[in-house]
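A.B. asks: Okay, here's what each chain looks like letter by letter:
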Amino acid sequence: TQLLEQSPQFLSIQEGENLTVYCNSSSVFSSLQWYRQEPGEGPVLLVTVVTGGEVKKLKRLTFQFGDARKDSSLHITAAQTGDTGLYLCAGLKTSYDKVIFGPGTSLSVIP
Amino acid sequence: DTEVTQTPKHLVMGMTNKKSLKCEQHMGHRAMYWYKQKAKKPPELMFVYSYEKLSINESVPSRFSPECPNSSLLNLHLHALQPEDSALYLCASSQDRTGTLYEQYFGPGTRLTVT
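Chains as they are written, first to last, in the numbering used here: chain A, 6 to 116; chain B, 944 to 1058.
In silico DSSO-like cross-links for lysine-lysine, where the CA-CA straight-line distance does not exceed 27 Å:
{"#": "1", "chain 1": "A", "residue 1": "K103", "chain 2": "B", "residue 2": "K965"}
{"#": "2", "chain 1": "A", "residue 1": "K75", "chain 2": "B", "residue 2": "K983"}
{"#": "3", "chain 1": "B", "residue 1": "K996", "chain 2": "A", "residue 2": "K98"}
Read the hints as simulated data drawn from the structure, not as lab findings.
Given only the sequences and the hints, what does the whole structure look like? Please build it.
C.D. replies: As structure tokens, this is what we get:
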């Protein structure tokens, strides 16, 4: 059983559309990170959320951490082809002393 | 500067070869990591070094041998690998391993093919 689940697993949308990706767990995390990874490259850190209910914005990307710190969402407004990639959420669970990665959401934005 | 560098970018090796992957960061980070990643899967943690000491070994086969010569460098020595070891090997670093200091910065990876 995955400690972190992501949905959807795959998403293909037209340029200009909006989308939301979810990261869910039954466990509490002390912080959660979102990464974007392009094929053949390393993941790039987008944001870290720490406080329950926290909302962070990065241009067209909006990240939210659930009040109970068990889930997070990533909303992209007016998607562009440059948003294409694998989106990974990763949570820090203090008792595990390491970061746990979700399985990822593969996003394809079609021109 | 949030750059982690890895060399080589690509590596093809036979099952009897010995090779090494190298990783470097100059951000003053005290924790460094090796991950293995298969296509369309998340990174899988292999090793964690904290303050130049091995903190976590995720039951990795002994044909993979990590080394941390100093706080900026991390090596992964490879010997007698199997074809199923072919993957993208990622190095990452973080300032520390508590709270937001655990933010990991990844290198571009080494694409390893074992023939």
